[in-house]
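Protein chains: 2
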Amino acid sequence: MTGKSSAVKSDIEIAQEAKLAPISEIASGLGLEEEDWEPYGRYKAKVSVKTLKKFQEKADGKIILVTSINPTPAGEGKSTVTVGLGQALNRIGKKTVIALREPSLGPTMGLKGGAAGGGYSQVVPMEDINLHFTGDFHAITAAHNALAALLDNHIHQGNELNIDPRRIAWKRVVDLNDRALRHVIIGLGGKANGVPREDGFDITVASEIMAILCLSEDLKDLKERLSRMLIAYTYDGRPVFVKDLKVEGALTLLLKEAIHPNLVQTLENTPAFVHGGPFANIAHGCNSVLATKMGAKLGDYVVTEAGFGADLGAEKFLDITTRAGHFRPGAVVIVATIRALKMHGGMKKEELKNESLDALAKGMENLTCHIETIKAFGLPYVVAINHFIFDTDNEVKYVKEWCAENGHPVALAKVWEDGGKGGEELAQLVADTVESTENHFKPLYSLEDSIEDKLSAVVTKVYGGKEIEYSPKAQKQLAKIKKNGWDKFPVCIAKTQYSLSDDPKLIGRPTDFIIHVRELKASVGAGFVVAMTGSVLTMPGLPKEPAALNMDVGPDGKIVGLF
Amino acid sequence: MTGKSSAVKSDIEIAQEAKLAPISEIASGLGLEEEDWEPYGRYKAKVSVKTLKKFQEKADGKIILVTSINPTPAGEGKSTVTVGLGQALNRIGKKTVIALREPSLGPTMGLKGGAAGGGYSQVVPMEDINLHFTGDFHAITAAHNALAALLDNHIHQGNELNIDPRRIAWKRVVDLNDRALRHVIIGLGGKANGVPREDGFDITVASEIMAILCLSEDLKDLKERLSRMLIAYTYDGRPVFVKDLKVEGALTLLLKEAIHPNLVQTLENTPAFVHGGPFANIAHGCNSVLATKMGAKLGDYVVTEAGFGADLGAEKFLDITTRAGHFRPGAVVIVATIRALKMHGGMKKEELKNESLDALAKGMENLTCHIETIKAFGLPYVVAINHFIFDTDNEVKYVKEWCAENGHPVALAKVWEDGGKGGEELAQLVADTVESTENHFKPLYSLEDSIEDKLSAVVTKVYGGKEIEYSPKAQKQLAKIKKNGWDKFPVCIAKTQYSLSDDPKLIGRPTDFIIHVRELKASVGAGFVVAMTGSVLTMPGLPKEPAALNMDVGPDGKIVGLF
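Chains Z and E are the protein sequences, given in the same order. So that you can map any letter, position 327 of the first sequence is 661 in this note's numbering, and since no number is skipped, the others follow by simple counting. So that you can map any letter, position 79 of the second sequence is 413 in this note's numbering, and since no number is skipped, the others follow by simple counting.
Worth flagging that the hints you see were computed from the coordinates, not collected in a lab. A hint or two may mislead.
Since the list gives no way to pick one copy over another, a pair counts as held whenever it fits inside one copy or between any two copies.
[Unchecked claim] In silico PhoX-like cross-links for lysine-lysine, where the CA-CA straight-line distance does not exceed 20 Å:
1. Lys817 - Lys428
2. Lys577 - Lys505
3. Lys384 - Lys892
4. Lys505 - Lys683
5. Lys343 - Lys683
6. Lys696 - Lys731
7. Lys580 - Lys814
8. Lys892 - Lys590
9. Lys892 - Lys387
Everything numeric in this text was worked out from a predicted model, so none of it was measured.
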């Protein structure tokens, strides 16, 4: 975020002034015909999954993954860089499509007020994208809760499957930050009102159905994954799956539109697929494989983003998502901000606006670790400095020189203030790198490795940790996972995004630390084994002054309070 | 439901074979320009509320309300008659628009499998209408639950408003049949997870926000109604409203698209607004006033439907909806089936397929009561016999002759099997009646009357009951309603739909019965006082074999199991 003028415009003001092209123009610019897409209003569309088949002979474009160092709580502006880079690549003559996650309503009403890039690098219409959009998250919420209702109804109506109400593995969801629903008791009120049991609500982005929607290659794959979701255990300890309830058809039906990627545009009319949004802790944290594949099919480049830092989002993208989508990334952009680098160098949050080359120098070790991670995957990479208003010339110069000395390609991105124009240096570097650097991409581990070996590979090679300690509970769960044959899945580590370790306070590049695996859970439908470390919140709470308090819409439909 | 052929097609088979016109054609047929509407796919659109202003100089078309006698559990086919009548009016040269409620996902997944008319009188695309449609119900669910989360967060964050957690008047909702959520305890798990309290979930159609959306005239009216919703009481007994939480802007924002009526078409390409769907017990039970007004503005006729029988839906339409929408109905169609008339004549459910002129003769008293109700409102009316496959010619002849003898205009409707063609006799009769009969429409009571007098007017003049008994709880609530000045609202009685009384077993035309008002509740935002009689379920349960078990979607997107 630069911002030279004294009256900096808010994201929503910029978005409302944008000159959007009709979505029909964006679609035809991608070579799509009317039969390939359906409009949702004049500026949003769903592009049919069938389109992928239609274009199957066309060679795929390059997939550029945008990730970052361990972020500050304010975030590193990855989405903004992703959008800005996409715009910039188009400016330098590369036909580029963007692929991003959909924002969740919970954080929008809570702290964030919206998430669709920022400044002059946004996807639009931002109001729609930040609210109900094309209804994907609502469809996922409905399917998730329909399954819960059908499960409780099965127990209430005689419990033919002999399900143990104390061992239900399927909670309910809402797409809101609602801490009061984390732990609840349901089924109260007597015999007519179900069977009393403990339950809880997660936020919709934590639903396994969200992860599945984002990993499925088509409707058939979606239904198969849904059918094998683990939802409970019987009194005698046998797992119960969706297919045992015979409702995978109904769930698929509820998701039949949600599976199609949503097409929108950026402020500079660059096409963008905004589709799906799983958590980057208990799930894999990137937009749908269908959106990325569609972008690659329709563009020479597709720029996509993975959640949190490279230790979480990128690792999962490279070990989980590429396997599900059967694709191969071309290069990785590692976003760093001067702010976050200084934080990793030990500077206090309140002082981050002040220049400090010392803190910066020390903080570079965090970036180094993430660069080594990408190298470990055999991929070309570029460092992008996402410029903020308080960054000094000295600081920027320092980072650039440090990168040059260490042989890391680097570019300054001023995409927040200048849009695509501010990202041209980065775009050129990305294009040169992906076209001239050898790509030896290989996931970090083999699926045939044991769960322990897979986890160990991530902890030692990506986080730089020493070893893993499993809680007694996790050990029991590990045995059960092996027994049930779920140990051939990739692993998905849920960990704080603020540190390479599982302790958010260990900034910089900690060493010799132990990762504590508290719990293991097989997401059998999504196809990964989640390892929980530290405390992972799957239902956020609202702050004392929620963003909702500042939102309004006038009688004319004019919106304020999204940003 | 007639159905002469041995292989009767299911509703979804008929719908899937329909030749739909692009929604752009339907819209331009209504005189709408591109700026007036937004597409949702190729066959659905939202028509902007602003359109009403644009056409304000144009005279309104006639509003035809479709209601029925007290139904059997299978329903009287009101929606089917509404659609068929709309199609038929177009066939006889009257430019007609249909206005219907949106189906709720809960009953669709539960017992009903869908609700968009039937046979050759359906609104389409029926799959979309029965599933997520344009997302209105999801938006209402999100707004309702966002308010609940913001309320619980307020208490958790210090409770500045001094809200008593034991006296929260705002539950949560899901658009599903989920009995296990009727009575829950939330906020468990310790200090970080909210304040423990009793709570419960209603189905979305029971949300006051649903009622408000359907009674609002524009975005401004919507926001004002939302702001005055009663959500809790303080420890010292003062009411707490949405405006005290300062979140009416955020809630309105979440509903800014949902307020625009949805335009679809029937199997015969008759335009239909399908918008909103409040319960007909604790709410007023008809589609949005905006949909009805838009239909009246764009057509010479608009045919709309009210839920349940005339004692519930029509009474509320005439006393609540017409006041909120400031419109005047032209005529009422009272739908009766031979089946239901025989049931009211004392025939057992299992025997209803057999001919019985005796039972039929006795059952006519139920129809008589509803005719008298419509007369009491001063409105022209027509009796429509909705023909079913097992009706005998003798039975149909009997009803026709009975009507003729008693001076009631009557027509047989075969719209299920024959579409608009099967409704031409009815359409001609409706047109003749509305154009030749004097209209002395007047609501049943004055808003200045006391709550007791308003309730008494409905009970004695519509239900044919003797008097009202108030529970001690209701008496206390009545005093509070008066004290708070909420007694100038119309009343909304929640009662079984199967009987004119509050006892579902009292079929026919019971007399001298007492209506037991168990509870009174002011829906201050919607603008009515609900009187609960008997047990009213605001969260249905699923049956032993939910419709969801038979639903499926093939890899090609082909759907089965909606009907």
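Going through the hints against the structure:
1. Lys817 - Lys428: Intra 50 Å, inter 70 Å, cutoff 20 Å: neither.
2. Lys577 - Lys505: Classified as within: same-chain Cα gap 17 Å, cross-chain 33 Å, threshold 20 Å.
3. Lys384 - Lys892: between (37 Å within a copy, 14 Å between copies)
4. Lys505 - Lys683: neither (37 Å within a copy, 40 Å between copies)
5. Lys343 - Lys683: Answer is neither: 25 Å inside a copy and 68 Å across each miss the 20 Å cutoff.
6. Lys696 - Lys731: Intra 15 Å, inter 95 Å, cutoff 20 Å: intra-copy only.
7. Lys580 - Lys814: The answer is neither: 24 Å in one copy and 50 Å across copies each exceed 20 Å.
8. Lys892 - Lys590: between (32 Å within a copy, 10 Å between copies)
9. Lys892 - Lys387: Classified as between: cross-chain Cα gap 18 Å, same-chain 41 Å, threshold 20 Å.
Hint check: violations occur at hints 1, 4, 5 and 7; the rest are consistent with the structure.
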